[in-house]
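J.: Read top to bottom, the protein sequences are chains A and B. Following our numbering, the numbering of the first sequence begins with 137 at its first residue and continues without gaps. Following our numbering, the numbering of the second sequence begins with 993 at its first residue and continues without gaps.
Note that these hints are calculated values from the structure, not bench results. Remember, it's a predicted structure, so these values are computed and weren't measured experimentally. Incorrect hints may appear among the rest.
What the hints assert, rightly or not - Restricting the straight-line Cα-Cα distance to at most 27 Å, the calculated cross-link-like pairs of lysine-lysine (DSSO-like) are:
1. A:Lys304 to B:Lys1093
2. B:Lys1438 to B:Lys1481
3. A:Lys304 to B:Lys1438
4. B:Lys1354 to B:Lys1481
5. B:Lys1438 to A:Lys331
Unchecked claim - Ranges of calculated distance between the beta carbons of each label pair, as one might list FRET restraints:
6. A:Asp203 to B:Arg1049: 47 to 57 Å
7. A:Pro240 to B:Ala1103: 36 to 46 Å
8. B:Arg1049 to A:Pro240: 22 to 32 Å
9. A:Ala182 to B:Asp1116: 42 to 52 Å
10. A:Ala269 to B:Arg1049: 34 to 44 Å
C-beta: ideal position from N, C-alpha, C; glycine also.
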Amino acid sequence: MDPLNSGIGPSPRSRSVGRALGACALAAVVSILPVDQSRAQSEDQASEYRVKAAFLYKFGSYVEWPDGAFAREDSPVVIGVIGADALAEELAQIVAGRSVNGRPVSVRRLRAGDPPVGLQVLFIGREHAGRLAEILASVKGRPLLTVTESDQALDLGSVINFVVVDDKVRFDVALVPAELGNLRISARLLAVARKVVKPS
Amino acid sequence: MKPLGSLSLRRKLFGIVLLTALVALIVALGAIVGYDLRIYHRSLVSDMTTQAELLGRTTVPALAFDDPKVAAENLSVLRFRPAVSAAALYNARGAIFATYKRRDEHIQFPALPETDGIRIEDRDLILFRRIVSDGEILGTVYLRADYELFDRVLDYLGIAAVVLGAALAIALLVAMWMERFVTGPVLAIAEIAREVVGKRDYSRRAAKLSSDEVGTLVDAFNDMLAEIDRRTVELEASNARLAREIEERSRAEREVLRLNAELENRVRERTVQLETANKELEAFSYSVSHDLRAPLRSIDGFGQALIDDYAQDLPEPARRYLDRIRSSTKQMGLLIEGLLNLARVSRRQLERRQVDLSEIAKQVVNGLQQREPDRAVEVSVWDGMRAEGDAHLLYAVLENLVGNAWKFTSKKDKARVEIGALRDRGHTIFYVRDNGAGFDMTYADKLFGAFQRLHAVSDYTGTGIGLATVQRIVHRHGGRIWAEAEVGKGAVFYFTLALDEERPAGMASDAERADG
Chain A
137 MDPLNSGIGP SPRSRSVGRA LGACALAAVV SILPVDQSRA QSEDQASEYR VKAAFLYKFG
197 SYVEWPDGAF AREDSPVVIG VIGADALAEE LAQIVAGRSV NGRPVSVRRL RAGDPPVGLQ
257 VLFIGREHAG RLAEILASVK GRPLLTVTES DQALDLGSVI NFVVVDDKVR FDVALVPAEL
317 GNLRISARLL AVARKVVKPS
Chain B
993 MKPLGSLSLR RKLFGIVLLT ALVALIVALG AIVGYDLRIY HRSLVSDMTT QAELLGRTTV
1053 PALAFDDPKV AAENLSVLRF RPAVSAAALY NARGAIFATY KRRDEHIQFP ALPETDGIRI
1113 EDRDLILFRR IVSDGEILGT VYLRADYELF DRVLDYLGIA AVVLGAALAI ALLVAMWMER
1173 FVTGPVLAIA EIAREVVGKR DYSRRAAKLS SDEVGTLVDA FNDMLAEIDR RTVELEASNA
1233 RLAREIEERS RAEREVLRLN AELENRVRER TVQLETANKE LEAFSYSVSH DLRAPLRSID
1293 GFGQALIDDY AQDLPEPARR YLDRIRSSTK QMGLLIEGLL NLARVSRRQL ERRQVDLSEI
1353 AKQVVNGLQQ REPDRAVEVS VWDGMRAEGD AHLLYAVLEN LVGNAWKFTS KKDKARVEIG
1413 ALRDRGHTIF YVRDNGAGFD MTYADKLFGA FQRLHAVSDY TGTGIGLATV QRIVHRHGGR
1473 IWAEAEVGKG AVFYFTLALD EERPAGMASD AERADG
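Go ahead and model the full structure; you've got the sequences and the hints to work with.
T.: Written as C-alpha cells, this is what we have:
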C-alpha cells in the first residue's frame, strides 16, 4: 500500500459523485460570477443581481433562526423579494433543488404592502428604497433576516446591506437588528463582510 | 591483511567488543531512524491533510462571497507553520483565488488545481484538497510543505556518526578496562612463559589476579613450572651423578690401560728375555750336540778298529761289550742328530711356496720301502694335496709321521697307512692314519714333548725327538697338530698348515713359545 496516498483521496465513487456535483456547481457559478476583469468592468444590472441572488441564497447557511421561526421541522426557508423581480427570477433558478441547513428553499415575490409573514429572509430592492424605513419598521423584532441594497439602510434597521466596491458586490452587517430578531449570524459570515456594525 | 589467528589476544578482544557494539548500534540506530522517518512521513501527511481541510473550511465564506482578500488573510495564518512554503486557493472554476508564500520563496503556483492527493516532489510535499460545502465544490486548497525526510536522514546520519563514535570510544575504554581482567593475566602468563624459556629460570611464578578460568590457567601454569623445576633439579642431580660415575669409570679405564701397557711392557721384556734365553739355549744345545759328535765318532771308530784288528785276541765277553758300546754310540749319534735337527728346525728361515704334499708323501713312502723291502704295508696317498710352506720342513714332517706309522705297524699282519686330507670350515686338515700300536689317550698331552716316549725302545726304536720336531715345524707354519688313538688299534695324526682365520696372527708364535 502506498503510504503517500493511503486514506487521502476520495474513494472512486465519492469522487465521481463530487465531480458531477462540481460540474453542476461550476455551471451555476460560471453563470453568476464575473469570469474575468473585462467582464467585471462591464457588469450590468443583470449580472449584479445574479451575484446578489447567489449571496442571498448563501446567507441562509450562516444564520441561525430562533425556535418558532419555522412552522415545522421540515418547513422551507422562505426568501421574500420586494421590488427586484430580476433578482427573484435568478434566485428561483439558484435555489431550485437546493437546501439550506437541511431545509428546502423557496422564493416568494412580494408587492409593496404585502404583509411580510411566513418569511425567513426578506430582500428589499432599490426600487422600494423610499418605503424602506416603513417596511423595516414593520418587521422590527421579528426573526427575519432583512437584506437591502440602499445606503443608510443599516441605520434604518436592515441586517445586511449590499454595496458595490470596485465593481464587486460586498455587504455590510449590522448586529443590533439581528439581535432584536433573535438571529445569530455566524462569525464566518462576519469575517467576509466589508463592515460589521456592532452594538455601541 | 593478517589472518585472524595471528592477531594478539588484546586486539581480538578489542575487535569483539567494538564489532559487537558497532553491530548493536547500527541495528538499533537503523531501527530507530527507520521508525522515526516513517512516523515523520505519516505525521507530516496527516498534519498537512488536516491543515488543508482546516483551510478549506475557513475559506468557505471567502469563496462563497468571492472575497480574495479574506481568503488571503485566511491563508496568511500559515505563517505560523514555517514548514509550509506555499499555499494557494483555487475557486470553483479552477482559477487562482488567493496565494500565500513563505518569505523569500519564489514559487510558481500551478495554473490549475489537481484532483485530491498528496505527492512528494523533489523535497516538497504537495497536496491538493477540494473544498466542499453543502455538497457543492467551492474550490481547491493547494499546499506545499518542506519534506525534510532527506535532511532528517542526513541529520540522523550525523547523529549516528557521533553516537557511534562516542559508543565505540566508550566500548574501547570498557575493553581496555576489561583487558586488565581478561587478557592482562593471559599476557602476563605469556610474558613469564617467554622469560622462563629465555632464561631457563623455572623458579618464576605468574601472579594470580582472578579466580576464573585464567586463574585456573595460572595455577596450572605455576604447578607445571614447579614440576619442571623439581624435575630439572632431579635431572641435574642425576646428571651430576652420571658425570661422576663416568669420570670414575674413565679413571678406572685409564688405570686399566696403564696396567695393560705396563703388563705388555713387562711381557715384551720377558719375551725378549725368554727369546734371548731360548736362543742361548738352542745355541748351547746345538754346539753341545755338534761338539759331542766328534768324541762319539772317535769312540765308535776306535771300537770298530778294535773289532776289526783284534777280534780273535779278545775274549767273547769283551767282544759283546764292544758291540754294546758301538750300539750305544750309534743310539747317541741318532740322539745328537735329532737334537741338531730340532735345533735346525727352530733356527731355519721359512721359505714359503706351493708344495705338493702328495708328491712328498710318495717320496717318503718310497724311501721307507727301499730301506725295508721285505715289509708289506698297504699305503694309500691322496692325490692333489697342496699346501703353502717350506718344502724341506714339510718333508721332515711327513718323514716323521709316516715313519712313525711305518714303525708302529711293524707288528701288524696287515699294516695299513693312509695319508689324506679333510676340509673343515674352509681349512684343510691333513692326516696320517695307521692301524698300528696306537697309544693311550691319557698321555696325549705328552706326545709332542722332546724325549717323551710312550713305548719302550726295546719294542720300537726312536729318539723321542721326532714328534717334537714335527710340532715345532707345524707351529712355525702357523698350524696345529693333534692326535687321536686307541691302544692296539691305531692312531691318527692331524695337522693344519694355514693360519686359522679365527686365530690371530700372534697365535703361531705363542704356540711356538709355549713349546720352547
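J.: It remains to establish, for every hint, whether it holds in the given structure.
T.: Results for each hint:
For a cut-off of 27 Å, the pair hint linking Lys304 of chain A to Lys1093 of chain B stands: about 26 Å separates their Cα positions. Between Lys1438 of chain B and Lys1481 of chain B the CA atoms are separated by roughly 19 Å; this keeps the pair inside 27 Å, and the hint holds. Pair hint Lys304 of chain A plus Lys1438 of chain B does not hold up; C-alpha atoms about 180 Å apart against a cutoff of 27 Å. A distance of roughly 24 Å separates the Cα atoms of Lys1354 of chain B and Lys1481 of chain B; the hinted pair therefore holds under the 27 Å criterion.
Distance restraint check for Lys1438 of chain B and Lys331 of chain A: the Cα-Cα separation of roughly 180 Å exceeds the 27 Å cut-off, and the hinted pair is therefore not satisfied. At roughly 27 Å, the beta carbons of Asp203 of chain A and Arg1049 of chain B sit outside the given window of 47 to 57 Å. At about 38 Å, the beta-carbon gap between Pro240 of chain A and Ala1103 of chain B stays in the expected band of 36 to 46 Å. Roughly 24 Å separates the CB atoms of Arg1049 of chain B and Pro240 of chain A, a value that falls within the hinted 22 to 32 Å.
Evaluation of the 42 to 52 Å hint for Ala182 of chain A and Asp1116 of chain B yields a pass: the beta carbon distance comes to about 44 Å. Range check, Ala269 of chain A to Arg1049 of chain B: Cβ separation about 39 Å, and the 34 to 44 Å hint holds.
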